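**Q** So the protein lines, in turn, are chains A and B. All residue numbers for the first sequence refer to our numbering, where the first residue is 1 and numbers rise by one. All residue numbers for the second sequence refer to our numbering, where the first residue is 412 and numbers rise by one.
Any given hint could turn out to be false.
[To be verified] Simulated DEER-style distance windows between Cβ atoms:
1) Thr768/B / Asp346/A: 42 to 50 Å
2) Gln720/B / Ile306/A: 43 to 51 Å
3) Asn307/A / Asn791/B: 53 to 61 Å
If you're looking for bench data, these hints aren't it; they were derived computationally from the structure. It should be emphasised that the depicted structure is a prediction, and the values quoted were computed from it without experimental measurement. Positions of the beta carbon are idealized from the N, C-alpha and C atoms, including for glycine.
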Amino acid sequence: MKNKITFLSCFILICVASFSQSISSSPYSLYGLGSLYDADYGSIPSIGSSGIALPSDTFINNLNPASLGYLPLNHFMFEVGGKAIGTTFQSSSKTEKRNNFQFSHIAFAFPVTKKSAFSLALRPYSSASFKISDLKLPISNTSEYYTLNAEGSGGLNNFDFSYGYRVSKKLSMGITGTVLFGNTTDERSYTISNSMTAINKKTDYSGMRATLGAQYKMDSTFTIASTFKLPAQIKASKVQTVENISNSNESIIESNVASDTDDYYMPLEVGFGISKHFKNNLNMTLDYEKSLWNDTNQSELYGDFINQDRFALGFSFRRNKNVRSYWDSVQYGTGLNFDTGYLEVDGKRVNNAAISIGISLLVDNTFSVLNISYSYGQKGKIGEGLIKENYHKLSLNLSLDGIWFVKRKIE
Amino acid sequence: MYKFILMLFFAFAIVSCGTDTDAGEFVVGSDYLAVNNKVILIDTVTVEMSTINFDSLITSNQSRILVGNYDDPLFGKVKSNSYFQLASDSYSLVSGSSDTEATNYVFDSISMILKYDNYYYGDTTKVQTFNIHRLIQKVKPNTDDDYFYNNSALNYSPESLGTISYKPRPLEKDSINIKMDAAFGQLLFQRFKQRDITDFDSFAEYLKGLVLVPSTENSSSVIGFSLTSKVRLYYSKYLSDTETSYVKDFTFLDATKQFNSISLDKTGTLIQNLPASNSKLSSLVTYNQGYIQSGTGVACRIDFPNIKQLKYISDKGAIIDAELILKPVNNTYSEKFPLSDSLRVYVADKLNRISTTLNTSSGVALYAKLNKGSDEFNENVQYSLSLGNFLQKEMLKQSDSKSSLVFVLPSIYKAVNRLVLGDQKHLNNKIQLKIYYLSY
Numbered sequence: 001m002k003n004k005i006t007f008l009s010c011f012i013l014i015c016v017a018s019f020s021q022s023i024s025s026s027p028y029s030l031y032g033l034g035s036l037y038d039a040d041y042g043s044i045p046s047i048g049s050s051g052i053a054l055p056s057d058t059f060i061n062n063l064n065p066a067s068l069g070y071l072p073l074n075h076f077m078f079e080v081g082g083k084a085i086g087t088t089f090q091s092s093s094k095t096e097k098r099n100n101f102q103f104s105h106i107a108f109a110f111p112v113t114k115k116s117a118f119s120l121a122l123r124p125y126s127s128a129s130f131k132i133s134d135l136k137l138p139i140s141n142t143s144e145y146y147t148l149n150a151e152g153s154g155g156l157n158n159f160d161f162s163y164g165y166r167v168s169k170k171l172s173m174g175i176t177g178t179v180l181f182g183n184t185t186d187e188r189s190y191t192i193s194n195s196m197t198a199i200n201k202k203t204d205y206s207g208m209r210a211t212l213g214a215q216y217k218m219d220s221t222f223t224i225a226s227t228f229k230l231p232a233q234i235k236a237s238k239v240q241t242v243e244n245i246s247n248s249n250e251s252i253i254e255s256n257v258a259s260d261t262d263d264y265y266m267p268l269e270v271g272f273g274i275s276k277h278f279k280n281n282l283n284m285t286l287d288y289e290k291s292l293w294n295d296t297n298q299s300e301l302y303g304d305f306i307n308q309d310r311f312a313l314g315f316s317f318r319r320n321k322n323v324r325s326y327w328d329s330v331q332y333g334t335g336l337n338f339d340t341g342y343l344e345v346d347g348k349r350v351n352n353a354a355i356s357i358g359i360s361l362l363v364d365n366t367f368s369v370l371n372i373s374y375s376y377g378q379k380g381k382i383g384e385g386l387i388k389e390n391y392h393k394l395s396l397n398l399s400l401d402g403i404w405f406v407k408r409k410i411e
Numbered sequence: 412m413y414k415f416i417l418m419l420f421f422a423f424a425i426v427s428c429g430t431d432t433d434a435g436e437f438v439v440g441s442d443y444l445a446v447n448n449k450v451i452l453i454d455t456v457t458v459e460m461s462t463i464n465f466d467s468l469i470t471s472n473q474s475r476i477l478v479g480n481y482d483d484p485l486f487g488k489v490k491s492n493s494y495f496q497l498a499s500d501s502y503s504l505v506s507g508s509s510d511t512e513a514t515n516y517v518f519d520s521i522s523m524i525l526k527y528d529n530y531y532y533g534d535t536t537k538v539q540t541f542n543i544h545r546l547i548q549k550v551k552p553n554t555d556d557d558y559f560y561n562n563s564a565l566n567y568s569p570e571s572l573g574t575i576s577y578k579p580r581p582l583e584k585d586s587i588n589i590k591m592d593a594a595f596g597q598l599l600f601q602r603f604k605q606r607d608i609t610d611f612d613s614f615a616e617y618l619k620g621l622v623l624v625p626s627t628e629n630s631s632s633v634i635g636f637s638l639t640s641k642v643r644l645y646y647s648k649y650l651s652d653t654e655t656s657y658v659k660d661f662t663f664l665d666a667t668k669q670f671n672s673i674s675l676d677k678t679g680t681l682i683q684n685l686p687a688s689n690s691k692l693s694s695l696v697t698y699n700q701g702y703i704q705s706g707t708g709v710a711c712r713i714d715f716p717n718i719k720q721l722k723y724i725s726d727k728g729a730i731i732d733a734e735l736i737l738k739p740v741n742n743t744y745s746e747k748f749p750l751s752d753s754l755r756v757y758v759a760d761k762l763n764r765i766s767t768t769l770n771t772s773s774g775v776a777l778y779a780k781l782n783k784g785s786d787e788f789n790e791n792v793q794y795s796l797s798l799g800n801f802l803q804k805e806m807l808k809q810s811d812s813k814s815s816l817v818f819v820l821p822s823i824y825k826a827v828n829r830l831v832l833g834d835q836k837h838l839n840n841k842i843q844l845k846i847y848y849l850s851y
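Throw the hints in and build the complete structure from the sequences for me.
**A** This is the structure we're talking about:
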């Protein structure tokens with residue numbers, strides 16, 4: 001027990017330390033609140049990020065709060081994850097490779113009653129890291145050009161409180177309250193004619209969002225589920241400094257001026273999922289999610305947003321229920337994910353498609369599992385003003401399960 | 412197993428500290444980049460041009476004897492008289508000599524030696540004539556201040572003490588020598604010999620000053636001479652059979668007692684109706700041209716009547732740079748009438764009262780600089796001035812008052828160079844204003 005606590009605290013320390021280090025730089029981070037992190041818990045990354053209909057019986061299922069209704073009593077679950085991503089950026093003229101390591105999430109879940117449980121989770125939500133060097137842009141309606149240098153950083157964090165309750169043997173329902181908070185900085189410098197103008201902007205964001213979820217067991221092998229992420233308004237306010245240097249001038253046009261800026265709107269997102277067991281050792285999950293970005297009337301400040309469709313399909317396999325060797329307990333998973341993206345850049349969608357495989361290794365004789373998954377994906381495309389990102393992603397999720405609140409009979 | 416996992420996560424945490432650098436070469440959606448911060452180039456703002464005339468310019472203490480006249484086809488008849496007081500570093504014929512020896516001194520001759528200072532304007536291949544006259548009043552300002560102006564004048568005696576007709580060679584030769592009237596020299600010499608002149612006061616009382624007056628017979632150039640010029644008195648001492656030659660130099664010891672009276676007869680030119688100094692003559696009535704002339708106080712004024720409207724372009728925006736391009740009118744300059752390398756710029760109010768030079772925000776004076784790269788059609792012969800700071804302030808100014816810019820040549824107080832600029836409606840040499848505006 002003592003061991004476990006030091007072990008846990010070590011983890012937390014590492015996580016907090018690496019939290020501040022998590023940087024993901026993408027040309028698409030320019031838009032919206034930045035590029036979104038995908039932080040799925042347990043073995044979900046290996047099954048194509050599908051699993052709205054999966055219960056939280058061996059790990060915390062972040063896709064649906066209703067899953068918490070299946071959290072076993074007296075179990076305390078802890079989940080932490082990280083990712084290593086190698087991305088190749090390709091445009092029609094050049095290719096660049098970047099590696100990136102990031103903290104993915106930290107979460108706790110504990111049962112409240114036999115039929116209900118509560119969870120807390122903290123994860124990075126988005127990264128607004130981007131860099132633009134010496135980009136030559138035309139001044140509209142003229143034959144002249146100016147040069148832009150820009151660098152973005154920061155991002156938003158996501159803090160979730162979830163509660164799930166098993167209403168009946170078949171139906172479980174849940175709710176998540178999400179707090180989004182953080183800030184982004186955007187430093188731009190314009191070289192126009194013989195002048196240089198620097199605009200440094202820091203934008204603070206904060207907002208709340210609710211997610212409703214339900215899972216319904218049609219029979220012992222087949223579950224259907226749904227989630228509703230409600231629209232939300234993320235309040236934004238900025239502090240900006242503008243400085244100008246030219247042949248005739250060297251002045252601060254505005255210095256740390258605070259002002260409101262256009263708020264960011266999150267859409268209604270509706271998800272459906274099914275989970276089906278075959279022959280007791282193969283499980284199939286299939287999810288579909290629709291995000292109604294069109295209705296948010298997002299300010300053009302954030303870019304052009306369009307309705308998004310997401311499809312996820314996954315299979316997981318475990319050799320046998322009756323564990324005879326260690327490898328009998330290992331779960332294998334594979335999946336596909338396709339996402340039309342919510343961004344439209346110069347009238348083109350930024351699609352994302354990925355395939356994934358993974359294994360879940362049991363740690364000792366508890367419910368604790370180390371999930372290792374690998375996925376390969378492509379985002380965007382070459383040409384038409386877009387950049388193609390080919391990424392290899394290695395996810396490491398540790399789901400720890402402690403049986404707490406039970407007095408040990410033998411010390 | 413725990414140890415293995417622990418190590419794995421530690422390794423993970425350590426490597427997460429470093430990520431590859433982003434060279435920033437990948438950009439998507441360059442149109443979107445302009446949403447937040449629009450860059451606009453405005454080149455349609457009205458620029459008004461006019462010609463003004465300063466009533467007076469200080470021409471004393473400029474360290475140049477400017478003498479000559481020429482008929483300018485565009486500006487009229489330009490003429491410069493140069494007035495000055497002379498002085499010497501000693502007022503005895505030979506220092507340390509006794510009175511008894513004075514009787515042995517004999518006057519030889521007197522000359523004025525004028526040293527070129529390399530300034531010239533006009534046609535130096537033609538003969539130029541001027542006369543030396545004696546002032547009949549002291550070189551003392553009439554005004555309350557201590558300056559002489561381009562329109563100051565002193566009375567002088569009509570008889571000439573010396574005259575020269577010469578082809579100026581300001582770059583090839585270093586001086587000209589003008590033989591002065593011997594009777595004048597003899598009298599001056601006698602004053603010294605008889606010790607009537609013993610110090611500066613008695614000298615200045617006798618010879619109040621001289622003026623160089625160009626003759627109206629030939630009018631071709633204006634030449635500058637330096638203050639190292641002098642009047643030299645030649646005399647000799649006879650003792651026994653030996654003869655020793657001496658000279659006494661009268662020089663320009665006090666530059667404040669030398670000034671040039673520069674006048675312009677505009678009759679028959681486009682600017683002959685140039686109004687009083689607090690008014691202006693619009694370029695619309697002078698063939699879309701603005702005029703500048705040093706020495707005579709003709710200057711070009713530029714107004715930006717609509718600049719305040721730019722603040723309505725966006726909620727928050729700034730003029731981050733602006734360039735004014737002034738083009739000399741074709742065929743108004745040549746080797747004979749060269750272009751100045753730069754123009755001085757002053758900020759003035761609507762009555763042409765100058766408040767300051769146009770400065771950068773850190774207080775350094777700004778000049779309109781000549782682009783020398785000339786091509787076949789002289790399309791690139793232009794002066795360019797950076798005035799973003801000025802226009803930004805004008806745009807944001809709360810009061811109704813508007814400032815103008817007044818352009819003059821840097822040598823305004825000591826030369827007669829001139830320049831003709833085209834306004835916005837000029838056919839070939841339009842003034843251009845480019846304003847770079849950034850919304851933020």
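**Q** Give a verdict on every hint.
**A** Now the hints, each set against the structure:
1. The hinted range of 42 to 50 Å is satisfied by Thr768/B and Asp346/A, whose Cβ atoms lie roughly 48 Å apart.
2. For the pair Gln720/B and Ile306/A, the beta carbons lie near 38 Å from each other, so the given range of 43 to 51 Å is not met.
3. In this structure the hint that Asn307/A and Asn791/B lie 53 to 61 Å apart at CB holds, the actual value being about 55 Å.
Consistency with the previously given hints fails for number 2 only.
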